[in-house]
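Construct the complete structure from the given sequences, taking the supplied hints into account.
Chains as they are written, first to last, in my numbering: chain A, 574 to 1046; chain B, 574 to 1046; chain C, 574 to 1046; chain D, 574 to 1046.
FYI, nobody ran anything at the bench for these hints, they're computed from the structure.
Certain hints may be false.
No distinction is drawn between identical chains; accordingly, a pair holds when it is met within one copy or between any pair of copies.
When the alpha-carbon atoms are kept at most 25 Å apart in a straight line, the in silico DSS-like pairs for lysine-lysine are as follows [unchecked claim]: (1) LYS998 - LYS746; (2) LYS584 - LYS746; (3) LYS613 - LYS580; (4) LYS990 - LYS730; (5) LYS580 - LYS606; (6) LYS746 - LYS879; (7) LYS779 - LYS746; (8) LYS990 - LYS879; (9) LYS580 - LYS746; (10) LYS818 - LYS580; (11) LYS603 - LYS580; (12) LYS584 - LYS879; (13) LYS1042 - LYS584; (14) LYS584 - LYS611.
There are 4 protein chains.
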Amino acid sequence: MNFEDIKIPGKLVPDNYLQLSLAARRRRQKNFKELLEKRKLPEHGWKDEEIEALVHELSTLDSNNFSHNIGMGEREARIACNLVARRHYNFGHGIGRSGDLLEAQPKAAGSTLLANLTNALLLDLLQTLGMRSCRGCLLVPMATGMTLSLCLLALSKQRPNARLVLWSRIDQKSCFKAITVAGLHPIIIETLLLDKEQSLVTDVTKFRQEIDELGAENILCLYTTTSCFAPRNSDNVVELAKLAKQMALPHIVNNAYGLQCEPIIAQLEKALNTGRIDYIVQSSDKNLLVPVGGAIVATRDEAMLKHLGSSYAGRASSSQSLDVLMTLLSLGRSGYESLLLERSHNFEYLQHRLQEFTAQAGEIVPQCANNGISLALTLSSLCANPGDHRNALTELGSMLYTRGISGARVVPPGDVKCIDGYEFKNFGSHRDEQLKVPYLTVAATLGVTKAEIDRFFEVLHKCWDQLSKSNVN
Amino acid sequence: MNFEDIKIPGKLVPDNYLQLSLAARRRRQKNFKELLEKRKLPEHGWKDEEIEALVHELSTLDSNNFSHNIGMGEREARIACNLVARRHYNFGHGIGRSGDLLEAQPKAAGSTLLANLTNALLLDLLQTLGMRSCRGCLLVPMATGMTLSLCLLALSKQRPNARLVLWSRIDQKSCFKAITVAGLHPIIIETLLLDKEQSLVTDVTKFRQEIDELGAENILCLYTTTSCFAPRNSDNVVELAKLAKQMALPHIVNNAYGLQCEPIIAQLEKALNTGRIDYIVQSSDKNLLVPVGGAIVATRDEAMLKHLGSSYAGRASSSQSLDVLMTLLSLGRSGYESLLLERSHNFEYLQHRLQEFTAQAGEIVPQCANNGISLALTLSSLCANPGDHRNALTELGSMLYTRGISGARVVPPGDVKCIDGYEFKNFGSHRDEQLKVPYLTVAATLGVTKAEIDRFFEVLHKCWDQLSKSNVN
Amino acid sequence: MNFEDIKIPGKLVPDNYLQLSLAARRRRQKNFKELLEKRKLPEHGWKDEEIEALVHELSTLDSNNFSHNIGMGEREARIACNLVARRHYNFGHGIGRSGDLLEAQPKAAGSTLLANLTNALLLDLLQTLGMRSCRGCLLVPMATGMTLSLCLLALSKQRPNARLVLWSRIDQKSCFKAITVAGLHPIIIETLLLDKEQSLVTDVTKFRQEIDELGAENILCLYTTTSCFAPRNSDNVVELAKLAKQMALPHIVNNAYGLQCEPIIAQLEKALNTGRIDYIVQSSDKNLLVPVGGAIVATRDEAMLKHLGSSYAGRASSSQSLDVLMTLLSLGRSGYESLLLERSHNFEYLQHRLQEFTAQAGEIVPQCANNGISLALTLSSLCANPGDHRNALTELGSMLYTRGISGARVVPPGDVKCIDGYEFKNFGSHRDEQLKVPYLTVAATLGVTKAEIDRFFEVLHKCWDQLSKSNVN
Amino acid sequence: MNFEDIKIPGKLVPDNYLQLSLAARRRRQKNFKELLEKRKLPEHGWKDEEIEALVHELSTLDSNNFSHNIGMGEREARIACNLVARRHYNFGHGIGRSGDLLEAQPKAAGSTLLANLTNALLLDLLQTLGMRSCRGCLLVPMATGMTLSLCLLALSKQRPNARLVLWSRIDQKSCFKAITVAGLHPIIIETLLLDKEQSLVTDVTKFRQEIDELGAENILCLYTTTSCFAPRNSDNVVELAKLAKQMALPHIVNNAYGLQCEPIIAQLEKALNTGRIDYIVQSSDKNLLVPVGGAIVATRDEAMLKHLGSSYAGRASSSQSLDVLMTLLSLGRSGYESLLLERSHNFEYLQHRLQEFTAQAGEIVPQCANNGISLALTLSSLCANPGDHRNALTELGSMLYTRGISGARVVPPGDVKCIDGYEFKNFGSHRDEQLKVPYLTVAATLGVTKAEIDRFFEVLHKCWDQLSKSNVN
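This is the structure we're talking about:
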């Protein structure tokens, strides 16, 4: 609605009052204009009503919202349930067209704009965070795992005969399944244990060996992971990127929740500049605090992004673009930076509290120089009674959970897991060879508060004491 | 909230008034109970506030909504933007777990319940509609095309060496891309032209020939399509299902918008009973009038559904489950049946009006005995000036669109389209050999109104007259 | 937001797609423009999203929503609770200023516009409905009763020494309290019983007598009522208006739910033209189907409306204006007319069904030529046992209510009620002298459905049979 | 919805996951139970979704939301517009019954509960804030001015022949109009100027004189005001309450925005204990940060509250109760106390900054020992050019306003205002005799931020410099 074009009668409101209001509105219009023309994340977060105004306006650009639209096709974005229409701001057409996520839809100029704007703001955010070499971003409305699969399938189109994927082991199921879903064959490369630090790192040498042995022409790509549970470290993406470049092999990075961690970003930027990464994939929910369901693919080569977009079959949900756009506008650059800063402080606080705890409890915190998110705590004391320790571990996990602690994981040794025909010994510890002791992992991720950490230790102390006593008896 | 458990003081409300209200509330509780215990689509639609009450209550079962939750993991379903939380009713955890769409999440009992309930109601709906042999339904939060890809990839896990897909040609891009995205090789089987009816049917004989020639062991599956643009008919799913059974070959059906069409349902049910279909895939948006973004996979074998669910990598968006659940509850069985009935009447009306139009205009409506949704109208008059007819056709399309008619497609002869390296002559007409004349397709799909059809003909007449005049001149 | 002013980059959306959308948006802008410039009720209802767009835009005109506003006063329309802000679309300043409901607020151009626009649309509606002589409408955000009080107090300012109000008795409490709340003295004029019709009419003669006896200078005004429970008829507003004019006495009409009834409107228009009415007051909830809380005052003299507006002390809630504006835009003229037509049909249907019922049950339906909304049904059969009939009556009322019938009133004879010191014999029957038999009243008001009427008779039959049996025993 | 009563099948969600969720839900139920049973403000604010859950549940208790309701009356709370129903959470029946705000409605147990609960929480809040002698609270859905009128009219019913109101002058229009609207006669008692402090106080002696002269039997009540613009102080409510008690005269207090100010609360509590106050009236919007439209009446005598409630004619809007309830639950006791504390700090900060400013500018800040909200700043420098000073003053006001400063008032000397026939000399300065210089008032009210105050001084400095320069020239 454009008031400036309307001669509002003085009977409705005196002109001098109105003029002041119109002047104030022009500031809002300026924000809209700037956002659309410059496609940059605003410095400061917008108010809810401004965000909704933008989103509502965009949806008026879609044909299903034209007052004179006559739908004679097979898909006209009619929405039967009023509540559903409302929660989607009357967006119904999804994004992409005829199997290309980046193609514009003639029927849905608003949805097209929504998707492209979201991708542009994401690119701006990534560049701001330090991934300055990125040239393109695409929000894919699928889980991170499926999006990694899509990246593999896209690479596969270019190298149809190369069906092996060299993967630095990380014991997270969907990360691995991304390979098998795509019908490809994983070559699993175990992590190396640093004895002193009791933490795990990438076995770069083994990667090189495997390429030599298997033949580069049979290898689709290298596949590494940054953010992960301690005591595993982020993969050595810099070295592997160099290796990829040297061998002319594609390289994809699972940067699941790494956007929130400055050192990881720095490594990725360095890797982009000195080596080769084709796709960096990150979860939208973990990095942007939106509901589960999307992944952000970043590239330094726009052509590769287009190739990926065109590898999707069908139109896709615009719901994820909407969530991400609204969240980015709501936070603004400064809001996101505050979240990052707070997380970084809370990570240090968590580490400090854990070290305090271990000093008392006779445990250790493995040193992971390249893991700024997750921390581990050994649980050797709970293994005093050899026969019984599995129970004690299970009980600790269960006690924490019923007391409201979610996300703390007890990793017992000896679990064997079979995923799509591949067997993983000691699943959860990222290598076949057993770690000396079981441990517990906790993380300081975006949005965690100091109060939560305090409350966690309160509960941990209680559970620990209780278990220690019963262990003694 | 359970009022029955609270001793509400008479100072707040007199007990006799309250008791009447509590009695009324028990009816509502009975509905909730029945829905959850029986998992059947309610006969009559629920009111918006009842639907929202259910959805809100379900979301209280997810750990991110527990008042005492302490999130120490890497994914705790925190939602940064209030508007986003609100539009998702505070659901944040998505559905599925560790790469299995059908697995329950310990952190998210509510999301789990939401997803499973939606699948159960969909199954009930399909059975009611006539697909009585279905034993399982899964709403996949991806486009129909990608879901077809996922089905192909799932089959591929079971038959890793069979990489050919026998596909009855339909000129809809994402339908074809489902094959190439999965890294498989399509064998394109052209449709046959029925000369008298001027419509297209499945070349069953050619399917059989190809199997013989290529070897069943190399063929991953048969891949057919029901709902499509006239003058193509629905594929002969019954005969192909028999062939699949006979040859012990998997068979997937793209039933994109076929749920809304009784004869298609009847064919599918017959095919399920007399032959073999592994997965039937349909779009949620076209059949249920929700925003784009989901597909419903139906099977007669629960094990095949579980296999599919476990072929997804990562957790998935619960947004589509929410849309479908709310829509189903809003319509109820009777509401959906009314929509079907109205569509069926409107299809007949559209056919009748088209025949009237062609009688005047000297055109014909090809007879598609097996297409109850889409209708074609030849455009031979617009090709009077041979050199110029392409312009006239393009202009008709554009005139209709700018006048608010969306979804009416002009199919000119002679287009060649290349998709992922495969060339399609006369793209849009489902076969290489050219149809005699160009045509226009229109459809009567769920939600179209008689008023829209009337308005369409009003516009068509005007455009036709205008083009005829300028053609003469 | 004004897209036309923004150079949207082709990277966000191709210009040709965008242009079509902008053209569609111009239709919406045209609607906004027309509404604000002409201030007439739109012919057709607006879509929810159009209504909300307008309302949101209006609220941006209020200073509390300016992004740069610094509030240094005692009332800055800050809203603490996000949910409250949301449900009021960020309107916080209320309407009116410094004790004048019609004065514009410099801080709140949007709220001012909202209130004035609502009043303008109400005036247009009333004129359309047939009250063509109305020149002004004011939505007062208080109950009908309090608004009647406000009218009396406004008249009282002009005639401070006249403290008697001549009131045609109607047994509805708040209607009478409107007089006593204002500190004025009611002169109660009983209704006359028409013997044949068994219905009640205004005692015009008595009015004239009272004026003569009490002296016109002591009388503040005549006070009549249109819509009422049968067997009372609408007051003879035409004759009383003539009397008022002749005696130069003010006259106010309580037209509580009379807007929905064409004959009442016709009488009022006639009265306005041939006699004198100062204020006509009607409930917004009953006539416009909004939540309780407002009243519409109509006058034929704008000066009288201004006088009334300035008789309010303080600023008032804008919530009622919002409800009425949204409802009027949602219905449009045609929507409201459909509601009226449906009501009128349902009234006839209710009458017909009642007559059928009485024919069987040996009761009668009193004939109220001037009551087109409420109908009565005698309950003589329930009084067979003289000692017991009060119980039977109470039980009927209670049986109906517990079975979900709300609004059906059983009027037993003999109730005495004292309101603010005035005693009413046979309260509920509009006169001291007892009607022969008790009765039940039901009404066909705006929004009632045929299905509800059917269900009412189903329940009534069951209750009647049950009571008849137990009466016999 | 009560999950405990439903046997949720394991197919929907595993029972062990569900049980943990149900345990978490019990905490929520406990909160609901406590709120309704104890009727006390919760210590900590509730989450939005908890508030909405409560409100939705309450509305299911109203008959218009019963699924089996058949409305046969004249008011059945039907709501035509979906958006309106939604924003009122389907509450339609309003509060009160037949002209008594405190009476329960049989048709609307939920609305009744809503209103009574809100009143109970308000009472708890007032007692917590220090008005421990209060025994009853009533939220009246009318402006503060109209509510004061209602109080006067209620008193008037008890003393019908006493028509004079002794009013300590405060130049706020609606405060005065409260008297004239009620048809009563104000006796205006000017404030006294304290020479040294340059502030204004109540002329208690004059009150006593007027009672003697006019005769207590002719005086309806004393009428005082607490919160007001500097340099007026809060009235001396303690002495006037004593006088009222001594003379057996009613006394009402306009405590418009005084709830936010601890010293005012303390004075009122003292006055309640040592003297007589019948009704204390405060604005809901200014004290609770809800939209304009309600007033809270507090009494130490429940009977007086009931008398007031029964003095309202008709049913009233429940919208205000909803706003207040939601706001109170959202803030909780601790949230409101934080707001109070912040305001108190900001008042001191504003005072400090003003004193700094005056030291530079050669002006003074009048000392108002009994005004903890509003502050004045003399503007003598702007009157250097005698002929021109009015312009300079007007310009300052206008410059501030166009720069986004709302609520800062410039009070020029010499204004004469006539309200309902009463003339006020030097309107705005609370007394006929002119103050020596014009001044500007600003306030630190609930919700103001330090950043706003800083920005105000930034703007003030700029305007001041600009005006000073042009004054010189």
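Hints numbered earlier in the text: which of these fail when held up against the supplied structure? 9, 10 and 13
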